[in-house]
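K.L.:
Here is how the chains run, residue by residue.
2 protein chains.
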Amino acid sequence: MTTSFDGPPIPIDTRAAVLDQFVADETGRRGSRPRGVAYATGLDDVLAVMAWARDSRTPLIPRGAGTSLEGHLLARGDELILDLAQADSILDISPADFTATVQPGVTRTRLNTAAGEFGLQFTVDPGADATLGGMAATNASGTTSVRYGGMRANVVALQAVFADGRVMRLGRAVRKSASGYDLKSLLIGSAGTLAIITELTVRLHPIPECLASVRISFPTVAAAVDAAVEMLGLALPVSRLEFVDTASVAAINDLRGTRYAEAPALFIDLETGSAAAANAGEREIDRIVRAHGATAITVARTHTERHALWEDRHRLFFALKARSPGHRFLVTDTAVPCSRIADAVGTATRLGDELGLDISVAGHIGDGNVHVVVPYTDANLPVALQFSDAVVRHALAVGGTASGEHGIGLAKKKYLRDEHGAAVDVMAGLKHALDPHGLLNPGKILDV
Amino acid sequence: MTTSFDGPPIPIDTRAAVLDQFVADETGRRGSRPRGVAYATGLDDVLAVMAWARDSRTPLIPRGAGTSLEGHLLARGDELILDLAQADSILDISPADFTATVQPGVTRTRLNTAAGEFGLQFTVDPGADATLGGMAATNASGTTSVRYGGMRANVVALQAVFADGRVMRLGRAVRKSASGYDLKSLLIGSAGTLAIITELTVRLHPIPECLASVRISFPTVAAAVDAAVEMLGLALPVSRLEFVDTASVAAINDLRGTRYAEAPALFIDLETGSAAAANAGEREIDRIVRAHGATAITVARTHTERHALWEDRHRLFFALKARSPGHRFLVTDTAVPCSRIADAVGTATRLGDELGLDISVAGHIGDGNVHVVVPYTDANLPVALQFSDAVVRHALAVGGTASGEHGIGLAKKKYLRDEHGAAVDVMAGLKHALDPHGLLNPGKILDV
Numbered sequence: 001m002t003t004s005f006d007g008p009p010i011p012i013d014t015r016a017a018v019l020d021q022f023v024a025d026e027t028g029r030r031g032s033r034p035r036g037v038a039y040a041t042g043l044d045d046v047l048a049v050m051a052w053a054r055d056s057r058t059p060l061i062p063r064g065a066g067t068s069l070e071g072h073l074l075a076r077g078d079e080l081i082l083d084l085a086q087a088d089s090i091l092d093i094s095p096a097d098f099t100a101t102v103q104p105g106v107t108r109t110r111l112n113t114a115a116g117e118f119g120l121q122f123t124v125d126p127g128a129d130a131t132l133g134g135m136a137a138t139n140a141s142g143t144t145s146v147r148y149g150g151m152r153a154n155v156v157a158l159q160a161v162f163a164d165g166r167v168m169r170l171g172r173a174v175r176k177s178a179s180g181y182d183l184k185s186l187l188i189g190s191a192g193t194l195a196i197i198t199e200l201t202v203r204l205h206p207i208p209e210c211l212a213s214v215r216i217s218f219p220t221v222a223a224a225v226d227a228a229v230e231m232l233g234l235a236l237p238v239s240r241l242e243f244v245d246t247a248s249v250a251a252i253n254d255l256r257g258t259r260y261a262e263a264p265a266l267f268i269d270l271e272t273g274s275a276a277a278a279n280a281g282e283r284e285i286d287r288i289v290r291a292h293g294a295t296a297i298t299v300a301r302t303h304t305e306r307h308a309l310w311e312d313r314h315r316l317f318f319a320l321k322a323r324s325p326g327h328r329f330l331v332t333d334t335a336v337p338c339s340r341i342a343d344a345v346g347t348a349t350r351l352g353d354e355l356g357l358d359i360s361v362a363g364h365i366g367d368g369n370v371h372v373v374v375p376y377t378d379a380n381l382p383v384a385l386q387f388s389d390a391v392v393r394h395a396l397a398v399g400g401t402a403s404g405e406h407g408i409g410l411a412k413k414k415y416l417r418d419e420h421g422a423a424v425d426v427m428a429g430l431k432h433a434l435d436p437h438g439l440l441n442p443g444k445i446l447d448v
Numbered sequence: 001m002t003t004s005f006d007g008p009p010i011p012i013d014t015r016a017a018v019l020d021q022f023v024a025d026e027t028g029r030r031g032s033r034p035r036g037v038a039y040a041t042g043l044d045d046v047l048a049v050m051a052w053a054r055d056s057r058t059p060l061i062p063r064g065a066g067t068s069l070e071g072h073l074l075a076r077g078d079e080l081i082l083d084l085a086q087a088d089s090i091l092d093i094s095p096a097d098f099t100a101t102v103q104p105g106v107t108r109t110r111l112n113t114a115a116g117e118f119g120l121q122f123t124v125d126p127g128a129d130a131t132l133g134g135m136a137a138t139n140a141s142g143t144t145s146v147r148y149g150g151m152r153a154n155v156v157a158l159q160a161v162f163a164d165g166r167v168m169r170l171g172r173a174v175r176k177s178a179s180g181y182d183l184k185s186l187l188i189g190s191a192g193t194l195a196i197i198t199e200l201t202v203r204l205h206p207i208p209e210c211l212a213s214v215r216i217s218f219p220t221v222a223a224a225v226d227a228a229v230e231m232l233g234l235a236l237p238v239s240r241l242e243f244v245d246t247a248s249v250a251a252i253n254d255l256r257g258t259r260y261a262e263a264p265a266l267f268i269d270l271e272t273g274s275a276a277a278a279n280a281g282e283r284e285i286d287r288i289v290r291a292h293g294a295t296a297i298t299v300a301r302t303h304t305e306r307h308a309l310w311e312d313r314h315r316l317f318f319a320l321k322a323r324s325p326g327h328r329f330l331v332t333d334t335a336v337p338c339s340r341i342a343d344a345v346g347t348a349t350r351l352g353d354e355l356g357l358d359i360s361v362a363g364h365i366g367d368g369n370v371h372v373v374v375p376y377t378d379a380n381l382p383v384a385l386q387f388s389d390a391v392v393r394h395a396l397a398v399g400g401t402a403s404g405e406h407g408i409g410l411a412k413k414k415y416l417r418d419e420h421g422a423a424v425d426v427m428a429g430l431k432h433a434l435d436p437h438g439l440l441n442p443g444k445i446l447d448v
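In order, the protein sequence lines correspond to chains P and S.
Be aware that the first sequence starts at 1, since it is given in full-length UniProt numbering, and climbs by one per residue.
Be aware that the second sequence starts at 1, since it is given in full-length UniProt numbering, and climbs by one per residue.
A few of these clues could be false.
Footprint (simulated), chain P over chain S, 3 or more residues, beta carbon under 8 Å [what the hints assert, rightly or not]:
1. 170-177
2. 230-237
3. 417-423
Straight-line distance between alpha carbons at most 25 Å, and here's what the computed SDA-like set of lysine to any residue pairs gives [unchecked claim]:
4. Lys321(P) x Ala308(P)
5. Lys413(P) x Val167(S)
6. Lys413(S) x Ala433(P)
Just the calculated beta-carbon pair ranges, DEER-fashion [what the hints assert, rightly or not]:
7. Thr220(S) x Asn253(P): 47 to 53 Å
8. Gln86(P) x Asp55(S): 31 to 37 Å
9. Ser32(S) x Gln86(P): 52 to 58 Å
Please keep in mind that the hints were generated in silico from the structure rather than gathered at the bench.
Where a beta carbon is used, it is the ideal one built from N, C-alpha and C, also for glycine.
Take these sequences, add in the hints, and give me the full structure.
P.N.:
Put into structure tokens, the structure is as follows:
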């Protein structure tokens, strides 16, 4: 560790070779070289850095595992990166309260391992092994949100440091409250622009007695999507409801050596309290998918089988990366109303064809949240951006959102007013009230 | 209708006999006589009233069905009541999107009747036939929140008029979004102090194929509570999990002519997709409650039986009122962490005995949200208030909240700082930023 300027009183690294690693993110998007990276292990460190940032008017970029896909962690000037990955203590697991309290650098898989010893699980599952702090900052969700909701539904309390140095506790470890304004929800999804999260209390859920996973192949994309939407209308005990297209299945087969039929597919988890209930659910799903022309139905019941099936799904982004070496990747993240899911998937597929892009479509279909993965090179970046822009504008036009779960970051700012109208001014007003000097991840979400 | 002052350009009533009806609320709590009551039928009316309020510096108290139990609707000076009960159009039901869009004066039972025609339900059920606008304003929840969450989880989008006259749409009709700050959640639960809700889009859920309701009597309060908490740990398909004490059951028997065993009881709904799953759930519940010494188990399977059972539970407040004629009623509303539910119920029972109050205890036990109903007269009001204060302080001391679902209103303001600490200052800052002249339900939640 070296300090080349009068930095904050915690370990800090300013070596160019290190800082260069923070210039680009997972998608290949690039920012400027930050002023340094400071490593915080807890509240006292964050307070010290915040005080220094106020004195020196240096903006901060709080950071966890660094898995953002929307440019949340890129510097636009000489910000200091505040790395919280080492603030990684699990402070408490309270099985009788169905809660865990952690520092922001704890990753979701570590928490799940610890909670599993009590028969409990932390359900928010964005795929990447992100930190809980980063997941709260971006209101992450994922495969299980169709049943359990995303971070906003699963964080019951936060401790956070505000720009003026005040430490606040927002929310309490109860399952519901109608007390005061919901500042906790305001911070969740604010991407470190309003305060820095230094502690989280999250909900844990019992691991259900009986889980079955089902993978179903369909003749067409439309058949798969229609079957999924029909399931939503039947109150089935579905805890995951995922769609992957043919290109995605092929990529998984390539990477994982699986032999899945290369056709549009649904991956489904059923969560029930008993084998009888699971069987009843499987029968109902069987009936629905056959009516939509399902060509193959595979049920995984053992832990090992189920784990393998979901590992395949979770590795999809890596599988797609492996399939297009030398490319960078753009991932769309729109969510649309249920009635427009088939339309959104169809539009993306058609646009990809028209623009000659080698896209693949997957997504949390039960939430209307569709991801299109677009490999690109410098040569066809403009076409990839044209595609992404068209997908977002389509989603907004049908009442959807520019981001289902990845956030606005830098990349989606230009859509904010189209989506929220004058409410953007209210957001900017709150940002100004809470961070008048723009010290907290400036330029992310909003242009301030 | 008469106008005795230069009022807003919508129907307004200023007759003393009418205004006197707004001086007290359901609990008997009293405020001052408002300046008038204006009847709005939609956005244009609200905009006109808001403009008039700005010009004349007259504060407004937005109002729906008037079922608040915490003084949200009482005037402290010469506020104008803005009655939105006639803004009661169901604007759209979109079964394919699982959403409904309504004006704020639509009541939950009217929406449910309309949604039922599509096999869908609006799940938030506070007992009272409140308006959707009022329910959003107070973040209402109720018997089904253990499964479906409260208003914050079930409102996907709002239209609202801010104090400066701007109309905003907050949120979109999607199941998830990570776009921008969550202003929608900020408004929900703000009790009309930040903006006036003029339209809501809410989630609808499929009515499950198979519902069974179970009523179980226990030898002791502790046995009932312990059984309920054990159920929470087993991921059973429970959609309602309610506790009533002996006094409550006796009151129901008196009012409804039922012959329930006068003992502590749980009322439970099981929601499943099949009879097989329901049977499995019933067997599991049977096993748990017998282990806790259950003395009677009654299962209701037909619609008529189930409806009668829940009507009994919903009429509880009326049953208790009928049992203590000439009394007014205070209802506590704390929620505590799961591990402290038995403690909270036990503490309330013991305190009631010590203070010689004829209390009864019921609550959304699956959410840790306990209601104690305290009948009182002018003579023992101080004792009732002493009881309520002790219950709230106990809840806060064990990590709970002063309000699970009724809100802060006037009555719980004194606990806000104990519960939220310095975050109260942030709340006040947001209130000032959004309503600098204090025109929106001033003095509720906060002292501004």
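K.L.:
Now, for every hint given, state plainly whether the structure supports it.
P.N.:
Outcome of the hint check:
Here the segment 170-177 of chain S counts 7 residues with a CB under 8 Å from a CB of chain P, which clears the bar of 3, and the coverage holds. Residues of the segment 230-237 of chain S lying with their CB closer than 8 Å to a CB of chain P number 6, which satisfies the three-residue condition for coverage. Closer than 8 Å: that is the beta-carbon criterion, and the segment 417-423 of chain S has 5 residues meeting it against chain P, so the requirement of 3 holds. For a cut-off of 25 Å, the pair hint linking Lys321(P) to Ala308(P) stands: about 20 Å separates their Cα positions.
Distance hint between Lys413(P) and Val167(S) is fulfilled; the C-alpha atoms sit about 22 Å from each other, no more than 25 Å. Only pairs whose Cα atoms come within 25 Å are accepted, and Lys413(S) paired with Ala433(P) is accepted, the gap being roughly 23 Å. Checked against the hint of 47 to 53 Å, the pair Thr220(S) and Asn253(P) fails, with Cβ atoms roughly 59 Å apart. Take Gln86(P) and Asp55(S): their Cβ atoms lie about 56 Å apart, and the range 31 to 37 Å is violated.
Between Ser32(S) and Gln86(P) the CB atoms are about 57 Å apart, so this pair conforms to the stated range of 52 to 58 Å.
Violated hints, in rising order: 7, 8; the structure is consistent with all others.
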